[in-house]
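*Asks:* The task is simple: from the sequences and hints, build the whole structure.
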Amino acid sequence: MPRKGTSKTTKIPREVVMVDFARSPFGRASQKNPGFFAHMRGDDLAIAVVKELLRRTRLTPDMIDEVTMGTPNLTGEQQNPGRTVALLTCRYETRALSVDRACTSSMAGAQFGIMAIQLGLEDIIIGGGDESCSHFPIPLFTANTDMDTFIKDAIASGAAARGNPNPKLWEVVDANTMIGMGNTAENMAEMFNISKEEQDVWAWKSNMRAAAAYKEGKFKHEIIPMEGIFPDGTTKIVDYDESVRADSKLEKIRTLPPIYKLGGTVDAANSSKEADGACAGVFMTKEKARELGLVPMCTVRALAWEACDPRIMGYSATLASKKAVQRAGLTPKDIDLWESNAAFAVAPIVQCKELGIDHEKMNVNGDACCIGHAIGASGMRMVGTLAHEMNRRKVRYGCAAICGGYGQGTAMAIEREEYWDGHRAWLS
Numbered sequence: 008m009p010r011k012g013t014s015k016t017t018k019i020p021r022e023v024v025m026v027d028f029a030r031s032p033f034g035r036a037s038q039k040n041p042g043f044f045a046h047m048r049g050d051d052l053a054i055a056v057v058k059e060l061l062r063r064t065r066l067t068p069d070m071i072d073e074v075t076m077g078t079p080n081l082t083g084e085q086q087n088p089g090r091t092v093a094l095l096t097c098r099y100e101t102r103a104l105s106v107d108r109a110c111t112s113s114m115a116g117a118q119f120g121i122m123a124i125q126l127g128l129e130d131i132i133i134g135g136g137d138e139s140c141s142h143f144p145i146p147l148f149t150a151n152t153d154m155d156t157f158i159k160d161a162i163a164s165g166a167a168a169r170g171n172p173n174p175k176l177w178e179v180v181d182a183n184t185m186i187g188m189g190n191t192a193e194n195m196a197e198m199f200n201i202s203k204e205e206q207d208v209w210a211w212k213s214n215m216r217a218a219a220a221y222k223e224g225k226f227k228h229e230i231i232p233m234e235g236i237f238p239d240g241t242t243k244i245v246d247y248d249e250s251v252r253a254d255s256k257l258e259k260i261r262t263l264p265p266i267y268k269l270g271g272t273v274d275a276a277n278s279s280k281e282a283d284g285a286c287a288g289v290f291m292t293k294e295k296a297r298e299l300g301l302v303p304m305c306t307v308r309a310l311a312w313e314a315c316d317p318r319i320m321g322y323s324a325t326l327a328s329k330k331a332v333q334r335a336g337l338t339p340k341d342i343d344l345w346e347s348n349a350a351f352a353v354a355p356i357v358q359c360k361e362l363g364i365d366h367e368k369m370n371v372n373g374d375a376c377c378i379g380h381a382i383g384a385s386g387m388r389m390v391g392t393l394a395h396e397m398n399r400r401k402v403r404y405g406c407a408a409i410c411g412g413y414g415q416g417t418a419m420a421i422e423r424e425e426y427w428d429g430h431r432a433w434l435s
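Here the sequence shown stands for residues 8 to 435, where the numbers follow this note's numbering.
Each hint should be verified, as a subset may be incorrect.
Dumping the calculated EDC-like pairs for lysine to aspartate or glutamate here, alpha-carbon to alpha-carbon at most 16 Å [as the list claims (entries may be wrong)]:
#1 Lys340 with Glu422
#2 Lys295 with Asp69
#3 Lys401 with Asp343
#4 Lys293 with Asp428
#5 Lys330 with Glu361
Derived DEER-like restraints, expressed as beta-carbon distance ranges [to be verified]:
#6 Asn87 with Leu269: 38 to 46 Å
#7 Ile244 with Val180: 38 to 46 Å
#8 Lys259 with Glu298: 52 to 60 Å
Simulated from the structure, these hints should not be mistaken for lab results. C-beta atoms are modelled at their ideal positions from N, C-alpha and C, and glycine is treated no differently.
*Replies:* Now the structure itself:
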């Protein structure tokens with residue numbers, strides 16, 4: 008029997024559109040200087056986002072078939088936190104999926120939901136992710152870290168920094184690659200001849216672009232104002248990303264020492280900032296959107312995943328974006344705007360270099376160097392930011408990509424079309 012709402016003549020794959028996107032502010036995650044969301048669970052941030060999406064789209068809980076959530080770093084939360092989000096925002100019958108694909112988790116989770124719609128298995132899904140890096144502190148591994156001793160002690164105690172890695176991994180992957188992501192950035196910089204100056208300039212421009220975006224109100228419809236708690240105990244409604252530095256000075260950044268390698272190029276400024284945050288998008292068939300009177304933000308044109316040598320983890324975003332563009336029947340020159348996660352600035356710099364991308368088309372409203380990297384949410388954060396900017400500029404094609412720990416990348420190519428008149432939930 009065909010699924011309710013489909014027929015034997017339904018065209019597969021069905022066209023999928025995103026009709027709304029929203030996210031929380033990204034709070035700073037720091038053990039020394041806690042940010043305004045340090046007190047919150049990641050799934051609570053996601054719940055607030057999903058509730059707002061339902062309000063803005065005027066969808067009722069019974070209309071949502073599935074909720075997918077990228078949740079790579081569980082810290083004392085129950086299994087399948089995506090199901091928690093579904094139960095607290097939709098209904099018992101709403102299915103849920105929690106995805107762990109490291110940094111790519113939220114985009115990957117949304118992609119699974121998108122594919123279900125394409126195949127006629129679902130009609131409407133909410134796809135996103137959440138992360139509380141404050142509850143999952145990532146140790147800083149510097150050039151002086153005795154990695155071998157650390158790993159031996161961590162394995163002996165059964166409490167390695169990122170769970171408990173199988174010690175057999177060290178037979179095929181360098182321990183520095185599995186534990187210290189900064190080392191992979193240094194490897195990329197050396198392999199592709201990217202200087203510290205290039206990375207520092209990128210990080211400074213990221214702050215300037217994000218600061219300008221706030222000033223111009225570009226994040227107004229993207230960020231949901233939420234209550235934050237500050238170190239002195241006061242509460243305040245926040246609608247901004249906590250790590251953005253409007254007063255960033257390139258001269259000061261240039262003086263920062265490399266962190267991961269003596270004489271290296273990767274420093275505190277050109278690395279991403281750990282963050283607490285959540286985001287999600289609402290996806291459905293183009294026909295369903297028209298039926299409901301919802302004007303899409305964009306149409307999904309291609310999905311892609313790629314993997315590479317973990318020692319150059321960040322290169323996976325370049326490979327994934329290249330594949331997504333090809334699957335969409337396009338070339339890099341056809342893409343009007345790009346998003347690529349700056350887990351380290353070297354990653355988008357290499358992507359621009361390899362694919363011939365103009366820097367002025369990449370991460371035009373800032374990136375993880377200042378907005379922050381909420382690991383379980385960053386992938387879909389970029390898709391939403393990209394779709395909003397494409398509509399502002401009235402350009403046609405965009406591609407978002409994200410690299411992931413241990414060498415896996417994910418990408419999505421989208422198109423802004425001329426749609427019908429109706430309710431633009433994403434401008435609510």
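*Asks:* Now tell me, hint by hint, if it's right for this structure.
*Replies:* Right, here's what the structure says about each hint:
| no. | hint | verdict |
| --- | --- | --- |
| 1 | Lys340 with Glu422 | 14 Å, holds |
| 2 | Lys295 with Asp69 | 15 Å, holds |
| 3 | Lys401 with Asp343 | 10 Å, holds |
| 4 | Lys293 with Asp428 | 13 Å, holds |
| 5 | Lys330 with Glu361 | 13 Å, holds |
| 6 | Asn87 with Leu269: 38 to 46 Å | 43 Å, holds |
| 7 | Ile244 with Val180: 38 to 46 Å | 45 Å, holds |
| 8 | Lys259 with Glu298: 52 to 60 Å | 54 Å, holds |
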